[in-house]
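K.L.:
Could you slot chains D and S onto chain P? The hints should help.
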Amino acid sequence: MSFAERMLKIDRRIIFVVIALCTLLPLLYPVGLPIKISQEVRGVYDHIESLPERSVILLSLDFDPASKPELYPQAVAILRHAFKKNLRVVAMTLWVSGTGMADELLTKVANESGKQRGADYVFLGWSPGGTAVIINMGQDLYNAFPSDYGSKPTKGQPVLEGVNSLKDVTYAVSLGAGNPGVEAWYVFGKDKYKFELGGGCTGVMAPGLYPLLRSGQINGLIGGLRGAAEYESLIGQKGRAVAGMDAQSATHVAIIVLVALCNMFYFTLRRQARQQGSQS
Amino acid sequence: MDATIIGAWVATGLTLFIFSFLYKDNPLFKLAENLYVGVSVGYTIVKTYDTVIVHLIWKPIVENQEWTLLIPVAIGLLMLTRYVPKAAWLSRYAFAFIVGVGAGLAIPRTVSSFILKQIEDTIRPLLMLVPGEGVTFSWNLMNPASSVNVIIVLIGVSSVLFYFFFSVEHKGPGKMVARTGVMFLMIAFGAAFGYTVMARMSLLIGRLTDLIEYSDPSYGRPTLWLALVTIGTLIALSLRSRSEPPEEG
Amino acid sequence: MIFLRRQMPLLITMITGLIFAGQYYVPHPASEQLLTSATKWLQIIGGFALVLGVTSLFQVHAAKIRRKEAGWGYSMVLYAGMLGTMAVGWWANGKESVEGVSTAFGWVYNFMMVPLQGTMFAILAFFIASAAYRSFRARSREAAVLLIAAVIVMMGRVPLGEYLVPISGDISQWILNVLNASVRRAILIGVSLGAVALSFKIIFGVERSYLGGGKE
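Chains as they are written, first to last, in this note's numbering: chain P, 1 to 280; chain D, 1 to 249; chain S, 1 to 216.
Derived from the structure by calculation, the hints contain no laboratory data. Possibly wrong hints are sitting among the right ones.
As the list claims (entries may be wrong) - Here are the computed lysine to any residue pairs in the SDA-like style, where the Cα-Cα straight-line distance is at most 25 Å:
#1 K9/P to M264/P
#2 K155/P to P29/S
#3 K30/D to R12/P
#4 K85/P to I37/P
#5 K238/P to V31/P
#6 K192/P to S192/S
#7 K36/P to D170/S
#8 K155/P to W67/D
#9 K36/P to L24/P
#10 K36/P to A145/D
#11 K24/D to D11/P
#12 K108/P to E99/S
#13 K238/P to P34/P
#14 K194/P to K117/D
#15 K30/D to W9/D
#16 K64/S to G84/S
#17 K30/D to I14/P
#18 K155/P to Y142/P
#19 K117/D to S215/P
#20 K117/D to F200/S
#21 K30/D to M86/S
#22 K117/D to Q39/P
What the hints assert, rightly or not - Computed from the model, here is a short list of chain P residues facing chain S with C-beta under 8 Å:
#23 D64
#24 T99
#25 D103
#26 T107
#27 S127
#28 A132
#29 V133
#30 R226
#31 Q248
All figures in this text were calculated on a predicted structure; none of them were measured in a lab. Note that CB positions come from ideal geometry on N, CA and C, so glycine has one too.
So here's chain P without its partners, still in its complex pose (with noise of 0.2 Å):
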């Protein structure tokens, strides 16, 4: 067996090393390289920072512990924005599994921001129907939502006052992981209640989103953990997502790297075999 062939058939697990050692290592000894802002980025952020004090901003946080690295900084940042810019908050889920992670973060944000539940902001919890209930907050939000995360009523909350469903959103955010997210929010909700909408999403669906942000359906995009840090950047507020941007460019370089060993490997023993055809 050639040099060529035993490199292409080693074992997986010297490969995984290799990556733990690049995600590792630049998470204990940051480097910090700048983070360039995209447009898509800066398309959600300028948005929310246009917005008049005690606009309302939905985030519905369509995500479960499976994206949590992407897209848990991502909530944070927006969450700080919002709050900063003293938007009031109106936060959600459509997935059952990421229900205890985002009412974690919306209390620990609202916290380090001095706001009040009911007051600046509310956390309607989750409900099942996907799709329905998006157009049944359309409809009327508080039919879908009787009750907030913590029971108390809806109605009459003072962070709610004026909204009777989606057409009374001023901005709406959805943070998706797959469906119900971005395309659902769109599709079953601004379609007919028109109100404006950004996305942010995790890195795997981020390139299908495309078509939607240069139709302008959608306007802005956050896409994974970079998404992330570049808010981060945006806001001023380094977070894990800035932390984690050292590991990825290490990660990102180490595949490149790999990928050119396995060609460089590949064309040498398709030259070997050619060479013995010939001769033979």
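P.N.:
Showing chains D and S alone in chain P's frame:
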């Protein structure tokens, strides 16, 4: 002991048990895997009970006398007849309602949002009227709305749609269009792969960030101790499987 | 009886499908009220559907334990995890926190479910790296184009890549905003046309697989 510290030890242990799969499939991983399924199912049942039974059914009916809500309850119960073989056909009524309403709701909204709006944005004017400059053709590739990019998008959408249109044989000029579509597809798949790598690595970064946090002395360094325990267990299991005679048959 | 078992469900699908497709174009208060009620009903029915989905797991693992099949001990772990979570969940009235203070249910969620689910997906990072090394080869012109696009995007979306090759950021933005967007748009239009066609087939009773098997 503080609940957070115990939690840190449990979370670290379970994380390492799942990572142990990278060495090979083993009882620690299977234990964590089954616990994960059990906890997830238990969590879903509790949340569904609290949200649906308590807040969407019981309270509105008892407190506000919304008796019409008994209709969806009946439909929901019909769904559960699936577990009674003799009455299983009744569940069809529930599925018929859900699928019928779902299909009805989806048709106009999908046509409006994904077909008409997307086609509308694809067929944009190729020339722009700039005040003071008159009619212009913008060559700036970095501006997604520039004229040249509008043409590229039009070519991309048309050629990819043509590639997936199998009612016409792909030969002659059609072959060239289909090949252009394939090239566009390959570039998009490449971008998707790049983003998938980015997403997967982000998830790993998230878990390792937690493990680093839990290696702090304030938690009692669970990451270090439990990593040793996990590695020790894997070695012990490996030695035991080597000493056991292979099963016959 | 055959009518009740076979034709009636198809009739329900057709009537509800046509009503709610038409409802979109009728902004009359009565029509809007119908939409409000139906979507509220779907929320409640959705809860039952979730229960139906997860309970099939009970049967599979209960049978494993009863017959003492290989790995039945793990099924016991699954049951213990499920029943334990349900017990603490009901004890905490289904709330992970009360007034910002975590409950026992919240503890199970934060320190068991979150790390378990998170890590389950995080290990995919290792497998995608291994798969890239083993199979990402420029065997043909098309594969080479795919590979180059992937490398540019991987470089352009991280700070180190933009630092080493400054233009990679702009190129990857252009790939995503223009080339990728056009392909995704074509796929979106195609898939949507397919979904609409399937919805019509369901409404008119051509597609019936959703009704499932069972006795006639």
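K.L.:
Now, for every hint given, state plainly whether the structure supports it.
P.N.:
Comparing the hints with the structure gives:
1. Between the alpha carbons of K9/P and M264/P the distance comes to roughly 14 Å, so the proposed pair stays at or under 25 Å and holds.
2. Proximity of K155/P to P29/S is assessed by CA-CA distance (about 22 Å); at most 25 Å being required, the pair is judged to hold.
3. Taking the CA atoms of K30/D and R12/P, the gap is about 21 Å. The hint holds against a cut of 25 Å.
4. Restraint check for K85/P and I37/P: the C-alpha separation of about 20 Å stays at or below 25 Å, so the hint holds.
5. Proposed proximity of K238/P and V31/P is supported: the alpha carbons are some 14 Å apart, at most 25 Å.
6. In summary, the hint linking K192/P to S192/S is supported, as the alpha carbons are separated by about 18 Å, within the 25 Å threshold.
7. This hinted pair checks out: K36/P and D170/S have alpha carbons roughly 10 Å apart, not beyond 25 Å.
8. Among the hinted pairs, K155/P with W67/D is consistent with the structure: their alpha-carbon atoms are about 20 Å apart, no more than 25 Å.
9. The hinted pair formed by K36/P and L24/P meets the criterion: a straight-line CA distance of about 23 Å does not exceed 25 Å.
10. As the CA atoms of K36/P and A145/D are separated by approximately 21 Å, the hinted pair is consistent with the 25 Å bound.
11. Between K24/D and D11/P the alpha-carbon distance is near 12 Å, which keeps this suggested pair within the 25 Å criterion.
12. As the CA atoms of K108/P and E99/S are separated by approximately 12 Å, the hinted pair is consistent with the 25 Å bound.
13. Among the hinted pairs, K238/P with P34/P is consistent with the structure: their alpha-carbon atoms are about 12 Å apart, no more than 25 Å.
14. Of the pairs offered as hints, the one joining K194/P and K117/D holds, with about 14 Å between alpha carbons and a cut-off of 25 Å not exceeded.
15. For the hint pairing K30/D with W9/D, the CA-to-CA distance comes to about 19 Å; that is within 25 Å, so the pair holds.
16. Restraint check for K64/S and G84/S: satisfied, since their Cα atoms lie roughly 20 Å apart, inside the 25 Å limit.
17. Distance hint between K30/D and I14/P is fulfilled; the C-alpha atoms sit about 23 Å from each other, no more than 25 Å.
18. Restraint check for K155/P and Y142/P: the C-alpha separation of about 7 Å stays at or below 25 Å, so the hint holds.
19. Between K117/D and S215/P the CA atoms are separated by roughly 7 Å; this keeps the pair inside 25 Å, and the hint holds.
20. With a CA separation close to 21 Å, the supplied pair K117/D and F200/S stays within the 25 Å bound.
21. Using a Cα cut-off of 25 Å, the hinted pair K30/D and M86/S holds, with the two alpha carbons roughly 21 Å apart.
22. For a cut-off of 25 Å, the pair hint linking K117/D to Q39/P stands: about 22 Å separates their Cα positions.
23. Satisfaction of the interface hint for D64/P is found here, the shortest Cβ-Cβ separation to chain S being roughly 7 Å, below the 8 Å cut-off.
24. Here the hint on T99/P is kept, as its CB sits about 7 Å from the closest CB of chain S, short of 8 Å.
25. A least Cβ separation of about 6 Å between D103/P and chain S falls short of the 8 Å threshold, and the interface hint therefore holds.
26. The beta carbon of T107/P is positioned within 8 Å of a beta carbon in chain S (closest approach about 5 Å), and the interface hint is therefore held.
27. At about 6 Å, the closest approach between the beta carbon of S127/P and any beta carbon in chain S falls short of 8 Å, and the interface hint on this residue holds.
28. Hint status for A132/P: holds, given a least beta-carbon distance of 4 Å to chain S, under 8 Å.
29. Using the Cβ-Cβ criterion of 8 Å, the hint placing V133/P at the interface with chain S is satisfied: the shortest such distance is roughly 6 Å.
30. Hint status for R226/P relative to chain S: holds, with the closest Cβ pair at about 5 Å, below 8 Å.
31. With its C-beta approaching chain S no nearer than about 5 Å, Q248/P sits inside the 8 Å limit, and its interface hint holds.
Of the numbered hints stated above, none is contradicted by the structure.
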